[in-house]
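**Q** Sequential numbering of the sequence shown, starting at 1, is according to the numbering used here.
It is possible that part of the hints are untrue.
Quick list of in silico lysine to aspartate or glutamate cross-link-like pairs, DMTMM-like style, CA-CA up to 20 Å [claimed, not checked]: (1) Lys-329 <-> Asp-398; (2) Lys-253 <-> Asp-128; (3) Lys-387 <-> Glu-358; (4) Lys-294 <-> Glu-406; (5) Lys-463 <-> Asp-133; (6) Lys-421 <-> Asp-293; (7) Lys-253 <-> Glu-159; (8) Lys-329 <-> Asp-339; (9) Lys-329 <-> Glu-345; (10) Lys-329 <-> Asp-364; (11) Lys-463 <-> Asp-128; (12) Lys-329 <-> Glu-425.
Cβ-Cβ distance ranges computed for the label pairs, FRET-style [to be verified]: (13) Pro-377 <-> Gln-203: 38 to 48 Å; (14) Ala-207 <-> Gln-433: 44 to 54 Å; (15) Gly-441 <-> Glu-196: 19 to 29 Å.
Simulated from the structure, these hints should not be mistaken for lab results.
Treat the numbers as computed from the prediction; the structure is a model and nothing was measured.
Every residue gets a Cβ at the ideal spot worked out from N, C-alpha and C, and that includes glycine.
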Amino acid sequence: MPFKSFSREQDWLLPPSLGELIPDDHPVRFVAEFVDSLDWDQIGIRNRAEPYGAPAYAPALLLAAWLYGFMTRTRSTRQIERACREHVPMMWLTGLQRPDHSTLARFYQANRPALRRLFQQTVYLAIDTGLVDFALQAVDGTRLAAASPDSVHTRAEIERLLRAVEHELDDMEAAQTAEDNDAAPPPGPRTRVGREQVRARLQQALAELERRAALPGRNKADAVSRSDPEAALQHTPSGFVTGYNAQAVVDAKAQIVVAADVSTCSSDRGHLAPMLAEAHAMTGRHATAVVADKGYFAMSAICDAQQTGIAVCVPQPAPPRASAGRYTKPDFVYDPDSDTYRCPEGQVLTFAGVVRSERGKPVDGRTYRGRQCAGCPAKAAGRCTSKPARVITRYAHDADLPAYLEQLRLPLSRQRLRQRKAVVEPLFANTKQRLGMLRFGLVGWLNAKAEWWLTCTAYNLLKLWRQWWQPDHAPAPCAT
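Kindly produce the complete structure, drawing on both the sequences and the hints.
**A** Okay, structure coming up:
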């Protein structure tokens, strides 16, 4: 079989158009169409040109470059700058204009608050096109490392570093004001600005430690990242990392993300109610049913959601495994008339106090303590507590738990729980592997939220392109 001849010096008979090199159903055309249809005042990005001064890049051009960059795993300003010079789809999208990385970064920084409303536009578009039906939605989260790989530091280490930086700044100030001509020249202004930025970060880290110490019921873990003080330790399958907990609500019909947010709390338990509220704020209505894994189990949030008409399916976490023959909470019977518990040995546990937090999480509970545990034979035999008295905590919605667990055993609830992984897990797999969201690229909680909103916007646009826009713009099959 002969080879096709080719020449790198081949000239065009007529000047080509970049549009001729891009298929009609290419995603870059959908991005251009989506950006051109935006109401700039509604999303909060200023799109009015000033009458004076040097011409600036159009916001539509810069936003389209960021969107298409995130859709193609091109996430940094320098990567997007290079794509504007080398990649044909990006060159067509930007009209052969070449914004540099500084221009791209300034636009991204100035419009981060608007990215939530930009993400909301993709949700509205998915609803209008019928890709969101509100029949079933799933809530889940993934823990991602912060932008800086800096490890956490204790309060003593932060204070030691702060003293060292302040000492360096004092020496710079003294060198600046020295009148001795033989003295060494003072350091340049860029060196001083760098040290001042380090001092500001260390001071922010100390302030974050003070804020965490003031929270009720938290474990007093006296450690924080000096590079990103707002980040917290997150438990991931590969161990503990300093980062954030990215949350999402996904509709089951086409796996469109209808709500997204970022939290500093590693536990998912307190995120069910806020994420359902965010989904309602983004769409204006509730889903018929919502599923989540056992990490979101909180009866107070479940009961509140059920009162709004949502069928919530969240499995109860397995209780701590007890040794054979040991008494667990279900063995203690509550009497609502006397507001007491009766233990398996016939003794009464009476009200002892109110609980407002457990392991750093807010709760609404009442504790009951045994008054005659000292001579109990079950305690002596090791079948009950090893403490001086047995304590049972009754939470506000414990009375609703039996009926809810019975509801979870229904065939429809079990079917919805089986659907959960197929609804929400592909979001995290695609954002990490296809879109390159392996860790946050920006420092700070608000910046992490903006990056997650932009990532979910790119994810929704890919879904809309593939399932709604592409079929209408694909070339017609050739007649045979």
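**Q** Would you mind confirming whether the straight-line C-alpha gap from Lys-463 to Asp-128 stays at or under 20 Å?
**A** 14 Å, holds
**Q** Decide if the proposed pair is consistent with the structure: Lys-253 and Asp-128, CA atoms, cutoff 20 Å inclusive.
**A** 14 Å, holds
**Q** Check whether the Cα positions of Lys-329 and Glu-345 lie no farther apart than 20 Å.
**A** 13 Å, holds
**Q** Given the hint that Lys-329 pairs with Asp-364, does the C-alpha gap stay at or below 20 Å?
**A** 17 Å, holds
**Q** Within 44 to 54 Å: is that where the Cβ-Cβ distance between Ala-207 and Gln-433 falls?
**A** Check failed, 37 Å falls outside 44 to 54 Å.
**Q** Starting from Lys-253, check that the Cα of Glu-159 is at most 20 Å away, please.
**A** 52 Å, violated
**Q** Need the status of pair Lys-463, Asp-133: alpha-carbon distance at most 20 Å?
**A** 15 Å, holds
**Q** Take the C-beta atom of Pro-377 and the C-beta atom of Gln-203, compute their distance, and say whether it sits inside 38 to 48 Å.
**A** For Pro-377 and Gln-203 the Cβ distance comes to about 59 Å; the hint is violated.
**Q** Is the straight-line distance between the alpha-carbon of Lys-294 and that of Glu-406 20 Å or less?
**A** 16 Å, holds
**Q** So if I understand the rule, the pair passes when the alpha-carbon distance is 20 Å or less; does Lys-329 with Asp-339 pass?
**A** 16 Å, holds
**Q** Is Lys-329 within 20 Å of Glu-425, Cα to Cα?
**A** Given pair Lys-329, Glu-425 is violated - Cα atoms ~34 Å apart, limit 20 Å.
**Q** For the range 19 to 29 Å, tell me whether the beta carbons of Gly-441 and Glu-196 fit it or not.
**A** Holds - the Cβ-Cβ distance for Gly-441 and Glu-196, about 24 Å, lies within 19 to 29 Å.
The structure is inconsistent with the numbered hints 7, 12, 13 and 14, although it conforms to all the rest.
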